[in-house]
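Q: Please put together the full structure from these sequences, using the hints given.
Respectively, the protein sequence lines represent chains A and B. Residues in the first sequence are numbered consecutively from 1, following my numbering. Residues in the second sequence are numbered consecutively from 1, following my numbering.
These are calculated hints, taken from the structure and not from any lab test. Just so you know, even glycine gets a beta-carbon here, dropped at the ideal spot from N, CA and C. There's no promise every hint is true.
[Unchecked claim] Derived, one-sided and incomplete: chain A residues facing chain B with beta-carbon distance under 10 Å:
| # | residue |
| --- | --- |
| 1 | C168 |
| 2 | Q175 |
| 3 | I210 |
| 4 | E221 |
| 5 | Y223 |
| 6 | P225 |
| 7 | E241 |
| 8 | G302 |
[To be verified] Simulated restraints on C-beta separations:
| # | chain 1 | residue 1 | chain 2 | residue 2 | range |
| --- | --- | --- | --- | --- | --- |
| 9 | A | P154 | B | Y323 | 56 to 62 Å |
| 10 | B | V91 | A | P154 | 42 to 48 Å |
| 11 | A | R348 | B | Y61 | 41 to 47 Å |
| 12 | B | T95 | A | Q175 | 29 to 35 Å |
| 13 | A | Y295 | B | D46 | 25 to 31 Å |
| 14 | B | S247 | A | Q175 | 36 to 42 Å |
| 15 | B | W38 | A | H53 | 42 to 48 Å |
| 16 | B | K175 | A | L243 | 26 to 32 Å |
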Amino acid sequence: MSEGTVLIIGAGPAGLEAARSVAELGYSAVLVEKRDRLGGMPDEANYAKLTHHFLDAGEAIGELAAAATGHENVQVLTSSQVTHVEGEPGAFRVGIQNGAGAKTVNAGAIIVATGFQHFDPGRETQYYNYYSFPDVITIADLEGMLKAHQVVRPSNGQPPERVAFIQCVGSRDRQIGNEFCSKVCCGIASKQAIEVKQQLPDSRVMIFYIDMRMYGYWENELYWPAQEQYHVNYVKGLVSEILPKGDRLLVRGEDTTMGRPMEVTLDLVVLSVGMEPSAGTRSMAEVLGLEQNKYGYIAAGGPTGIDPVATSRPGVFVVGAAAGPSDLDDSFATAGLAAARAVATIRRSNGA
Amino acid sequence: MDAGLDKVDAIWEKEVAIVDGIDISGPWNRMFEQRVVWEYTPELIDKVAALPGAESFSWCYQCAKCVPVCPVDMVGDYGPRKLYRKAQTGVDLFTSDDLWLCTTCMNCVRVCKKVVDMVKIMPAVREQAVLDGFVPEELQKAFEDTAKYGNPLGQSQRKRAAWTKKSDVPVPIMKDLKRPVDVLWYVGSYPSYHPRGIDAALAAARIFHALGVDYGILGREEKDDGDSQRLAGETGLFEMLAEHNISMFEKYEWNLMVVTGPHEYNAFKKEYKQRFGFDRPIQHYTQFLADRLDDLKPLLKHEVPLKVTFHDPCYLGRHHGEYDAPRALLQAIPGLELIEMGRCRENGYCCGGGGGGMWLDSFTQNHTVMRLSERRVLEAAAYGAEVLAVACPFEVSRFEDAAKSTGNDQLRVLDILELLDMSMRGVSA
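A: Below, the structure written as structure tokens:
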């Protein structure tokens with residue numbers, strides 16, 4: 001049966017969906033997860049609702065995990081890490097380490113689903129004084145507050161009257177080396193702006209942006225409702241600096257469509273931090289000998305250059321945000337494709 | 001009539017104009033500027049970006065982070081991202097007044113997500129404008145004076161060491177010394193000639209003497225570093241001065257060069273190195289003295305009980321990352337209370353003197369509501385400072401004038417050298 005096994009690294013949305021797909025195709029899936037819990041970043045970072053569906057993140061990810069773990073073909077190894085891989089397509093030997101010791105799993109194909117981490121606004125410079133001003137938070141911080149229905153100013157525990165999001169923090173930036181667009185932050189900020197207005201109807205919410213990137217249905221499901229129903233103010237022009245003003249924050253920027261300077265007093269500023277490859281993505285790329293792009297993501301494309309799940313190593317596939325900024329739809333789509341490719345790899349090596 | 005002209009007519013029909021609540025309606029107030037954008041002009045962006053060093057001009061994606069931190073926009077209507085937009089809609093930067101407003105303070109580059117490098121773009125375009133003869137008159141005069149006299153103040157080269165006669169301690173001149181020294185002190189044009197610059201030079205001489213520094217100056221053999229002239233577009237003049245100065249630096253034996261000014265520091269450490277391979281140890285005086293704080297502290301015997309704020313020079317701070325040495329010196333002065341302004345360190349404001357601004361005072365004034373130096377003095381006064389401390393020879397005169405013109409005569413402007421000297425000697429300036 002070992003030739004019929006796909007090893008999947010990482011149990012976030014993409015890894016869980018890949019495991020479920022492999023299992024439903026009639027093959028075995030071994031799902032290796034570093035943490036002691038399943039669900040990946042939405043679980044780890046306490047997401048409230050999913051973008052763009054507005055589904056309760058805990059419930060949706062819980063159902064996904066249950067669908068994978070509940071399948072008889074899926075074996076889950078939590079608190080476990082892949083230490084080395086040898087062999088070739090159809091016959092990989094994967095070393096796995098956990099609290100119980102080391103063991104080797106034979107697998108015909110491997111799917112890497114090690115995901116992303118949120119950009120740290122203090123990594124390069126003190127971006128917008130994130131580490132000095134308690135009322136400057138990130139979209140990841142706000143998710144936790146929304147989930148707890150406790151949207152407050154960390155400095156005094158009071159609900160904010162005026163909230164603003166600053167887009168593209170840690171993305172589209174040559175200076176820090178993250179030149180890519182993180183793809184999801186425009187949607188997440190709009191989703192969160194709606195949620196803030198739902199929880200604090202009297203608050204005023206603004207979004208400072210360079211370009212709003214609301215592709216496909218995000219336009220009508222997030223951007224338009226935010227503006228039309230929830231009266232979120234979208235202002236074109238990024239904030240340059242945040243200064244203390246009494247016990248509030250003064251943001252300075254330029255309203256570029258008006259060509260005028262802008263100084264707005266706020267209670268809570270939310271940095272729309274982008275995605276970066278997770279530590280797990282970087283280390284698995286090394287362990288598996290996979291080519292990475294200049295940003296540290298696992299290079300996808302394969303020989304044709306257009307295969308979103310192929311890596312530089314035959315028989316090893318990459319899904320979700322391990323290959324670059326992804327939303328949940330991307331993660332599901334690539335997970336299903338990788339499951340099909342992995343199964344096809346095994347069938348080919350079996351002479352099918 | 002075509003549709004475009006209809007649109008213009010509609011605007012011309014506008015009959016009411018109310019500005020600040022005052023009705024100034026009348027035919028003279030109707031639109032006199034073309035409202036409709038008839039044409040986009042990417043070639044005017046390309047024209048800039050085609051110059052070596054100016055490639056990044058075409059990268060701007062209009063996020064506008066540069067505008068609020070631009071010291072010129074704070075007193076006017078400028079801002080790097082606007083230059084791109086203007087070029088896109090028909091403004092030729094090579095002949096635009098905007099070209100001369102940038103002080104190369106580098107705050108835009110600091111926050112720019114795409115690393116559009118105005119510190120390289122502006123000199124490149126200005127160089128071409130200078131060749132084409134589009135130069136503000138007062139700047140042209142500074143160029144000519146520098147070329148003729150070796151300094152932008154138009155003072156005699158023979159009198160470059162005249163200030164040393166006022167010194168109550170010996171100021172050794174290399175030519176007379178005829179032996180190697182430990183430190184070559186490059187004094188600079190403003191400390192050599194400007195009355196307030198000379199005060200700082202005299203203070204430096206006393207401090208070096210008290211510390212027992214084995215040093216010498218070049219005196220008449222020293223010429224202006226030329227870096228600000230280069231940033232203002234006169235590359236040829238810069239190269240001429242660089243060749244002269246380097247030949248003088250190489251004529252004598254020394255271990256370390258100490259410079260009074262941050263612009264000179266940038267010139268020798270970066271530009272002379274990159275362009276002429278001049279690669280010797282150089283320190284700004286604040287760094288040199290901060291390294292000798294253990295020897296300096298016992299000399300600072302007298303209290304200087306003043307509330308002092310420090311203006312970070314753009315070319316010491318942002319350009320070379322030195323924020324701590326000046327503060328270490330100020331904090332070593334007994335009795336002195338150091339307070340920080342909102343715009344300090346990385347986000348420090350600009351005095352307006354860099355990148356040729358020193359010689360564009362009237363020109364810039366026509367495009368701003370107040371001088372940059374005046375804006376800074378107002379900030380210092382608002383923070384309740386008694387002294388605005390500086391570490392750049394451009395700044396003393398600029399800020400002193402600004403303190404007077406804004407009615408803040410109570411604010412004293414002193415070089416850190418002067419404050420150290422006050423503490424050493426127990427005299428008030």
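Q: Holds or violated: 29 to 35 Å for the Cβ distance of T95/B and Q175/A?
A: 31 Å, holds
Q: How about E221/A: closest beta carbon in chain B under 10 Å, or not?
A: 26 Å, violated
Q: Given a hinted range of 42 to 48 Å, is it respected by the beta-carbon distance of W38/B and H53/A?
A: With Cβ atoms ~46 Å apart, the hint holds.
Q: P225/A was flagged as interface toward chain B. Is the shortest Cβ-Cβ separation under 10 Å?
A: 26 Å, violated
Q: Would the hint on E241/A stand, with a C-beta cut-off of 10 Å toward chain B?
A: Where the cut-off is 10 Å and the nearest Cβ of chain B is about 6 Å from E241/A, the hint holds.
Q: Per the CB criterion, is C168/A less than 10 Å away from chain B?
A: Hint on C168/A: holds, closest Cβ of chain B at ~7 Å, below 10 Å.
Q: So the hint says 56 to 62 Å: do the beta-carbon atoms of P154/A and Y323/B match that?
A: 29 Å, violated
Q: Given the hint of 42 to 48 Å, is the C-beta distance from V91/B to P154/A inside that range or not?
A: 45 Å, holds
Q: Indicate whether the distance between the beta carbons of Y295/A and D46/B respects the range 25 to 31 Å.
A: 29 Å, holds
Q: Hold the hint about I210/A up to the distance rule: shortest CB distance to chain B must be less than 10 Å.
A: Check passed: Cβ of I210/A comes within 4 Å of chain B, closer than 10 Å.
Q: Interface hint check: Y223/A, Cβ to nearest Cβ on chain B, cutoff 10 Å. Holds or violated?
A: Violated. Min distance 19 Å.
Q: For the hint on Q175/A, does the least C-beta distance to chain B fall short of 10 Å?
A: Since the shortest Cβ distance to chain B is 6 Å, the answer is holds.
Comparing the model with each numbered hint stated earlier shows that hints 4, 5, 6, 8, 9 and 16 do not hold.
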